[in-house]
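The chain contents come next:
There are 2 protein chains.
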Amino acid sequence: MKTTKIDFVIQHINAQIKTRSLLPGSRLPSVRALARQLNLSISTIVEAYERLAAQGLIEAKTGSGFFIAGPIAPLSISEIHPKINRNIDPLWISRQGLEAKSDVLKPGCGWLPADWMPHENIRKAIRKISKVNSNILTDYATPLGLLALRELLSRRILSKGIETIPNQILLTDSGTQAIDLICRYFLKPNDVVLVDDPCYFNFHALLKVHQVQIIGIPYTQNGPDLAAFSTAIQNHNPRLYITNSGIHNPTGAILTAATAYQVLKLVEQSNLIVIEDDIFADLELHTAPRLAALDGLSRVIHIGSFSKTLSGSVRTGYIATKHEWIEDLTDIKIATSFGGNHLSAEILFSTLTDGNYRKHLEELKIRLAKAMDSTIKQLEQLNIKPWLKPQAGLFLWGELPKHLDTASIAQTCLENGVILAPGNSFSQSQNFKNFIRFNVAQCINPQVFAVLSHAIQQEQERQN
Amino acid sequence: MKTTKIDFVIQHINAQIKTRSLLPGSRLPSVRALARQLNLSISTIVEAYERLAAQGLIEAKTGSGFFIAGPIAPLSISEIHPKINRNIDPLWISRQGLEAKSDVLKPGCGWLPADWMPHENIRKAIRKISKVNSNILTDYATPLGLLALRELLSRRILSKGIETIPNQILLTDSGTQAIDLICRYFLKPNDVVLVDDPCYFNFHALLKVHQVQIIGIPYTQNGPDLAAFSTAIQNHNPRLYITNSGIHNPTGAILTAATAYQVLKLVEQSNLIVIEDDIFADLELHTAPRLAALDGLSRVIHIGSFSKTLSGSVRTGYIATKHEWIEDLTDIKIATSFGGNHLSAEILFSTLTDGNYRKHLEELKIRLAKAMDSTIKQLEQLNIKPWLKPQAGLFLWGELPKHLDTASIAQTCLENGVILAPGNSFSQSQNFKNFIRFNVAQCINPQVFAVLSHAIQQEQERQN
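Going down the list, the sequences are from chains A and X.
Residue 694 is where the first sequence ends in my numbering, and the numbering goes up by one at each step.
Residue 694 is where the second sequence ends in my numbering, and the numbering goes up by one at each step.
Calculated from the structure, these hints are not laboratory results.
Be aware that one or more of the hints could be misleading.
Listed next, with one range per pair, are the computed distances between beta-carbon atoms [unchecked claim]:
id: 1; chain 1: X; residue 1: Ala245; chain 2: A; residue 2: Lys589; range: 23 to 31 Å
id: 2; chain 1: A; residue 1: Ser528; chain 2: X; residue 2: Ser364; range: 53 to 61 Å
id: 3; chain 1: A; residue 1: Ala637; chain 2: X; residue 2: Thr234; range: 54 to 62 Å
id: 4; chain 1: A; residue 1: Gly526; chain 2: X; residue 2: Gly391; range: 55 to 63 Å
id: 5; chain 1: A; residue 1: Lys589; chain 2: X; residue 2: Asn675; range: 44 to 52 Å
A virtual CB, placed ideally from N, CA and C, is assigned to each residue, including glycine.
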């Protein structure tokens, strides 16, 4: 098709609408007349009119031609943005990060920069799918989701010692939806839920929607603090414990085998169900113990997604659990979202089974290790110490001098185009006022540290 | 790339794994050796090994080559299927329909047959997007979702008299998720919710998850029964009313202007919020009144999607409501699903703004009208009467002789490869034992009526 000519006609008509030489309700020149006038083919004009009609700018009336559509809805002058002075609640980082313009620096966000992601792999998968003459493009997914992808996931998690058959895996639209479905199944308002302190801030936001009581368990360099975990179980009869396996968010700590074993022993004596969120699995250097593997998916439910290493756009998560729970979780999924995204599951399957994904991961790990080193060095100069030096992953949990308030520093940084993740966003106890989580992949631009340094100085002055 | 040669190598290795000539842990031939042996290039073998590794079938060990992976997770022998004797609850039709093999006939399902859907339009959109060098493929969506699509939706719903700016529109992963988010925002357990009787069965399933009390309002050929609606408001102080606008599911009735006006007057005197589910909008022949248009999006929230006319695979729904509610609904969306499906929104935008979508709709309406006529004629021969003759849409609400139980007929049909939608699945009052909803697009195959006729006969014999 003559795309440029068609675009020319569309612009020609659009200009006349904007300058009001064509008013709402007025008739457009006939296809034949405009073709003659612009010296273009009739098919070009027809296609341009069709596209204008599809956009709601003009209307076709059968037998009498095309007309300028009624009053056009006002366009948004600007997008809604979270107020710059929005309180730093559990959703603050998500909203600032997701709404940020491309020139904003994002050391506070939980994802990789666009140019670290495997665009070519996904593009290849999409092209492949677009050539297949099949119903992938229009049919609803099956309730559990694409069987081939569930078979693959079953094999992938087996490498972490988690044994499943594909019928024990339910695809979801995202890792977050996976956790949400499990919460819907097990929780009622006022139930008690344990989280790590600190933990991923969106766990707080999600649990707030479920109207439950949240108790934070201090997280050590080996996993949750066992004494606090045991006391919380005894005193509060909690229903659920949500944690990360593999690489902990925000601290970068890795659960040790001994701690995992003790956690499970405590869980067994309680009423607890555990959600093990494994979304950073593909960034690990060595396979850490998984609670779900030790427990044999009895009380531990394993969830994951590929948003961190593959795409935050083509989204698919999953739940691995025992068969009797899968059946009920599937019913809840259908009731609340009907089908999953069939196309996304196909793209994910195609990308994961392409050998390039493994190469992408290997390069990614090397790149992250370098970024980790350089971030640690830069932060040292600002007197920010790593709580631990993570073996792998995106995150560094940085400790500032005790008296500094990182929420206030984050506000100053935001005004200067840098989104930070202040410590107390991650904390139920609010004991992390002087911490910041850094995404090392988003810390390549030295401007991050310049703005941060300035904000810390300002905070120090404010306090004097 | 030499796809066939690569596939040949993959099959070659797979065969050896299956026949156990290569056991778990054993080393594969070196790339060079296998290339020589099979007389193929080294790059072909490397790519085949990479793909086998991506599928978890073999493992690379740095410096020492490729090995057969450990015990392979058992594959599912068969998929979970809802038991054929599962009780006919609100999820019965969804699960039977979504899990059905392709040779099963589906007059009970709520979607179009695959070959009625615009595959070429979507394929074109996907190809276009795969060529763009952009971050559509990997970046999270913004919280409200793709601005261009929201601008388009704003213009589209204006043609139904609903005035919005794009900031009043929130994209969701599906129409069902749109309703679910609104329920999460407004409802608490034990609240009272009004639905039409009959109504779309998934409203019952969704509301059950929210643990609310459901009251059915008899649906007339002009809309909800006003006396019953008024009484329910007075006696139960309901919080929410969920209904279809445009074309009612399952009856095919269209809300009249006079009824819409009276409904709104009653709503204004109450505590009610109304969800107007408009997912069949694009199948209308004439624009019916919309509650959201009359009400100015004050108490009425308008939702929609394109699963019925464009794709059940590439899913995107939307909510149009007042700005203050959008902000809170966005927070709930992020907390419970983080980002929306960015790629799906781009594909939808591209498909909708292509002139071919309008042509697809015009052809679809003609095809549906023909299918409606023919279904009505076929059903007459089985003594099944249309409750009304719908002006448009997919559905015909068929009435059988009073004594017949369509749940029992549906079970017989299922055993014979036909999924029906028995009347009481749609009903809170359970007053529709002798009704069936027919999707006329899925009634083209005469086998539907043969199986149905046989099942009716059997039900008649059972009763004698």
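Taking the hints in turn, this is what the structure says about them:
Evaluation of the 23 to 31 Å hint for X:Ala245 and A:Lys589 yields a pass: the beta carbon distance comes to about 26 Å. About 45 Å separates the C-beta atoms of A:Ser528 and X:Ser364, a value inconsistent with the hinted range of 53 to 61 Å. As the Cβ distance of A:Ala637 to X:Thr234 is approximately 59 Å, the hint placing it in 54 to 62 Å holds. At roughly 58 Å, the beta-carbon separation of A:Gly526 and X:Gly391 lies within the given 55 to 63 Å, and the hint holds.
Between A:Lys589 and X:Asn675 the beta carbons are some 48 Å apart, a value that agrees with the proposed interval 44 to 52 Å.
When held up to the earlier numbered hints, the structure conflicts with hint 2 and nothing else.
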